[in-house]
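Visitor: Here the protein sequences line up with chains A and B, keeping their order.
Numbering of the first sequence is given in our numbering, commencing with residue 1 and proceeding in unit increments.
Numbering of the second sequence is given in our numbering, commencing with residue 1 and proceeding in unit increments.
Keep in mind the hints are simulated off the structure, nothing from the lab.
Please note that a few of the clues may not be correct.
Some chain A residues close to chain B (C-beta under 10 Å, calculated; not the full set) [to be verified]:
no.	residue
1	T529
2	Q530
3	L532
4	L535
5	I539
6	D541
7	I542
8	C543
9	E635
10	R674
11	Q680
With a straight-line cut-off of 16 Å between C-alpha atoms, the simulated EDC-like cross-links for lysine to aspartate or glutamate are [claimed, not checked]:
no.	chain 1	residue 1	chain 2	residue 2
12	B	K181	A	E526
13	B	K128	B	D167
14	B	K128	B	E161
15	A	K632	B	E161
16	A	K448	A	E258
17	B	K40	B	D79
18	A	K632	B	E149
19	A	K638	A	E525
20	A	K452	A	D509
21	B	K181	A	E525
22	B	K128	B	E173
23	B	K48	B	D79
24	B	K72	B	D122
25	B	K48	A	D541
26	A	K121	A	E253
Every residue gets a Cβ at the ideal spot worked out from N, C-alpha and C, and that includes glycine.
Residue-level listing of the chains:
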Amino acid sequence: MLIWSAKGSRGAPSLRALPFLFLVAALLGMLPLLHSHGLQSDPVMASEPPHHYPAVISGNEPGDITAAPLGVSQEISPLPNHSSPGHAKNRKAFPVLGIDYTHVRIPFEISLWILLACLMKLGFHVIPSVSSIVPESCLLIVVGLLVGGLIKGVGESPPILRSDIFFLFLLPPIILDAGYFLPLRQFTENLGTILIFAVVGTLWNAFFLGGLMYAVCQISGTGLNDIGLLANLLFGSIISAVDPVAVLAVFEEIHINELLHILVFGESLLNDAVTVVLYHLFEEFANFEQVTVTDIILGFLSFFVVSLGGVFVGVIYGVIAAFTSRFTSHIRVIEPLFVFLYSYMAYLSAELFHLSGIMALIASGVVMRPYVEANISHKSHTTIKYFLKMWSSVSETLIFIFLGVSTVAGRHYWNWTFIISTLIFCLIARVLGVLGLTWFINKFRIVKLTPKDQFIIAYGGLRGAIAFSLGYLLDYEHFGMRDMFLTAIITVIFFTVFVQGMTIRPLVDLLAVKKKQETKRSINEEIHTQFLDHLLTGIEDICGHYGHHHWKDKLNRFNKKYVKKCLIAGERSKEPQLIAFYHKMEMKQAIELVESGGLGKIPSAISTVSMQNINPKALPVKRILPALSKDKEEEIRKILRNNLQKTRQRLRSYNRHTLVADPYEEAWNQMLLRRQKARQLEQKINNYLTVPAHKLDSPTMSRARIGSDPLAYEPKSDSGNLPIITVDPASPQSPESVDLVNEELKGTSCLPPSPEEDEEGLVMRVKDPSSPGTDDVFTPGAGDSPSNQRIMRCLSDPGPQPEPEEGEPFIPKGK
Amino acid sequence: MGCQSSHPSAIPELDEIMLETGFSQASVVRLYDRFQALDKEQKGYLSKYDLQGIGELAVNPLGDRIINAFFKEGEDLTDFRSFIRVLAHFRPVEEGKSNETGRPEPMNSRLRKLQFAFQLYDQDSDGKISRDEMLQVLRLMVGIQVTDEQLVCIAERTIQEADQDGDGAISFEEFATSVEKLNVEQRMSLRLLK
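Bound-form chain B, shown alone:
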């Protein structure tokens, strides 16, 4: 475990990463250090086991889902590029920057943030949050005093509230509408990742 901070030249594909994610070089370096600190066996990859070793993540209700979001379907290892790609979603939105047409949607735009969040709800990736998925999430987040029936009612009500086309599930557009008033940009931004 290196105690020194990494030299920028030690990071593979630094320029592409900076271009893709929009991070500053200092941030990339810092995240690379973090990546290496988590990668206890110096494999160059992170496994789920490494991420599960973070204590605070274990008590997070969404801990497992967050961890899984870093790994592609079926894979058990993630490299630095994928790691930082996920974290790019949480970069604070720069104020005052106009959305240049022609450039691809930046990874930390509101749309991308919402898509990431939606992905965590929608485990089976069918593009909708079904009532079961909502129930699961609620079960994870809610205290143990709430019984299953109550949860079912809450889940039903949630879906009814958001569902506009009446298919009994929440699609991405409906999800985006329901969180309109929430300051998603701020809620999904980590100030450390400037």
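One chain only, chain A, in its complex shape:
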């Protein structure tokens, strides 16, 4: 308890967390108590005769004493609640309240651990100061250490992270989450690089490290001579694999660009095949007297079998899942289950045959995703996303906590030479490997990897729980030095996670800041940069992405022609995304309309205030550059920087804690809303032309509208098949909307003439509809007032009508 109170006394924000910590401590304190209760009640259960009854009471007391002082209620009557035989000499009272811990022990403890993990996660977000410096994974390991120490201090033996639990229950959710949301385009574009890093890099690491450690063992006379070459190679192969869990945990917090993220992460995923093969290989070889060439060749072959077999299994399950989802339109609620179960089965099936389960999982997720998403409902899609994020979050937290606990619990054998040299050689191997491979890869890459990229790739090679679990699987008979191996593995894991994890963010900032300071761009440059970016992206899309790779086009064509027809239910196989997104967008807009009065409130109050201070009417029309104050210029720059729509290449980085909206969908939404706003801009001027006295369907109005935007107000008759969501308050048909326009017009004061046009403000001008007039922008108070917003929405069309012959059914034709 001292530990917890010491932690709590650190400061005001920590005080808020104090109840959390006490609660956690209470929960954990219950654990050993109940555990000992369980142990005590066992002999009780075995003995039926009631004259053992006094023994029961006395037996329970030591249990009470060993319990933590908190949270134990003494009113629990220590009566066994199994029914005593009716012929008892001393008849007990009917047990109103009893305690039977063994009955619920396992689920209870599991739930308690998971609860601890979640509370810890919560706690870290409540105390932001600590988690901004130290990555969450480190904090969790520390918590694990503390919990382990607590449990040990109480006298119990803390649980160790058992390998089967880790591989069967904790790892799959994380990998599935990663595989399902894998950004496929970046992945396939960089697949060559990733494969080289994963395969060649891991092999290099394993052999280099194994060889050097063998040399160290031979050289030093500290009792390490008995560790053979094979054992060392095995150790090397265990420790050399970059761990996806650790990488994900650290990288998501530092927001590096997509390329590096996908490189390191992809490498960590794909090196599982290599690790599995090497591990089994060396484990088997350690039993042999002699390793022949045949064995080596077989090992080489098994690599291909393991990796390709894993992928094959994954693809099969993915296809089955996609096919199943085609028929689930009547039972929507179990759709997510299919995704999870099929993926999990893929993992287990691969593990069954000693194939690479991780690759199977990734393959099934990647294969099933496009088809499943086309088939399932929007809600199921959200459910899948949420569940995957939830499970992977919890899994990751549990893994790190258990790592900490296992460190305390396990038996350790510390050998300075071995461990320190392991650490050093690991780092050296990684750096050399990355440098060498990058030099080789850059010959073939179009976008070269800069030294800064190389540094991050090398530095981001974190080791994690997979290495620990693999080490734990070693048995003592063949590997007597298992404890030493485990200690070394844990040391390396700690070092990479703590030191590298903590310092990578400042280092990245340091390296990035140097570049940023060079560019202090003018507003023009900002805008033009973004403009050119979009332009380039557009041209790139027109040209098609893949250079001379016809096979990718062929794959796409094959996909469209045959596969989609099989796996996607009926009518949705043609461009389902457009329809779905349009529906979603309409839905969102309708909800927004109903909920709020204002569209797009500016997030920061500062920019609102200062921007409105710049009265547009009062802007001097000087010929020289007016001295806009530094602040205002910064405002503009900040607004531009935050609000210019980013092209694909700079998407938000992967984040474990939030649901990242599908970038394509987001781009769609943004674009449609933006077009709408642009049209509103036009229509705002064009609708000041006529004074609407009656309903919109009057010929004057319709002519005015149609004149400005031909698609806007087609006759409503053929709107039957299109789900147009009309919301009453803002529906164009409602008369009150028309009156609002009237009122606004009446309230509008005289507009000052803009320097470019010398006519009066409200004159009808035959204008090209695509260019907005200048008058509207000078309307005073026409900013965020709710009525004005509503007008703008009223005047905009309810939604574009489908025009099949145009070929753009859901894109408003305004430009």
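Given the coordinates of chain A, work out where chain B should sit on it, guided by the hints.
Guide: Chain B in isolation, oriented as in the chain A frame:
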């Protein structure tokens, strides 16, 4: 839709195209394949509808403008020659090649790239980017949180910054000056089009 790549002899005017645009034969062949893949009805021409069918282009803020850049004024169809002429602007600039006098300005020179970009700003082709045109572009590119007044201020400021002769609009020379520091050659080059 042919799955095979086209034979160079199948491409009309191949030599003139290579001379005019500077593409290698492999690039021309590849772009011809792409042209044919986009031309779903095998008309031999591309219509706006074909280009609008590209999904990623639809979410591009400048999507419509880019598409329109491929088509001449008022026309609705473009042939392969015009298609590749536009794409020639995005060919990476060769390093180390001296500008031979007497030869016409290559299509992927910095000047031509800038002219193409300017064309996309200047919709009414009057040689200037007026404040309305800047406002339009900004509206397209900027998120919905930014209000119209803010946009107007930004557009005003942009024009003021770049405008040197004080006519309230950005001419091509002023545009070129304002993007001097930007690495236009790289920003407007598509490495695939080597």
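Visitor: Are the hints correct? Go through all of them and say.
Guide: Hints and how they fare:
For A/T529, the interface hint holds, the least distance from its beta-carbon to any beta-carbon of chain B being 6 Å, beneath 10 Å. The interface hint given for A/Q530 is met, as the beta carbon of that residue sits about 6 Å from the closest beta carbon of chain B, less than 10 Å. The criterion of a C-beta within 10 Å of any C-beta in chain B is met by A/L532, whose closest approach is roughly 5 Å, and the hint holds. Satisfaction of the interface hint for A/L535 is found here, the shortest Cβ-Cβ separation to chain B being roughly 6 Å, below the 10 Å cut-off.
At a threshold of 10 Å, the smallest CB-CB gap from A/I539 to chain B is about 5 Å, leaving the interface hint in force. Nearest Cβ of chain B to the Cβ of A/D541: about 4 Å, under the 10 Å cut. The hint holds. Using the Cβ-Cβ criterion of 10 Å, the hint placing A/I542 at the interface with chain B is satisfied: the shortest such distance is roughly 7 Å. A hinted interface residue such as A/C543 counts as satisfied when its beta carbon comes closer than 10 Å to some beta carbon of chain B; here the least separation is about 6 Å, so the hint holds.
Because the beta carbon of A/E635 sits about 9 Å from the nearest beta carbon in chain B, less than 10 Å, this interface hint is met. For the restraint placing A/R674 at the interface with chain B, the shortest Cβ-Cβ distance is roughly 6 Å, inside the 10 Å limit, so the hint holds. Checking A/Q680 against chain B by beta carbon gives a least distance of about 9 Å; that is within 10 Å, so the hint holds. Taken as a hint, the B/K181 and A/E526 pair is honoured in the structure, with Cα atoms around 11 Å apart against an allowance of 16 Å.
Of the supplied pair hints, the one linking B/K128 and B/D167 holds, its CA atoms being roughly 10 Å apart against a limit of 16 Å. Taking the CA atoms of B/K128 and B/E161, the gap is near 15 Å; set against the 16 Å cutoff, the hint holds. Between A/K632 and B/E161 the CA atoms are separated by roughly 14 Å; this keeps the pair inside 16 Å, and the hint holds. For the hint linking A/K448 to A/E258, the alpha-carbon distance of about 14 Å falls within 16 Å, and the restraint holds.
Under the criterion of a C-alpha separation no larger than 16 Å, the hint pairing B/K40 with B/D79 is consistent with the structure, at around 14 Å. A distance of roughly 14 Å separates the Cα atoms of A/K632 and B/E149; the hinted pair therefore holds under the 16 Å criterion. With a C-alpha separation of about 13 Å, the suggested pairing of A/K638 with A/E525 holds against the 16 Å cut-off. Under the criterion of a C-alpha separation no larger than 16 Å, the hint pairing A/K452 with A/D509 is consistent with the structure, at around 11 Å.
Between B/K181 and A/E525 the alpha-carbon distance is near 8 Å, which keeps this suggested pair within the 16 Å criterion. This hinted pair checks out: B/K128 and B/E173 have alpha carbons roughly 10 Å apart, not beyond 16 Å. Only pairs whose Cα atoms come within 16 Å are accepted, and B/K48 paired with B/D79 is accepted, the gap being roughly 12 Å. With a C-alpha separation of about 15 Å, the suggested pair B/K72 and B/D122 falls inside the 16 Å cut-off, and the hint holds.
Restraint check: the Cα-Cα separation between B/K48 and A/D541 comes to about 15 Å, which is no more than 16 Å; the hinted pair holds. A hinted pair counts as satisfied when its Cα atoms are at most 16 Å apart, and A/K121 with A/E253 qualifies at roughly 14 Å.
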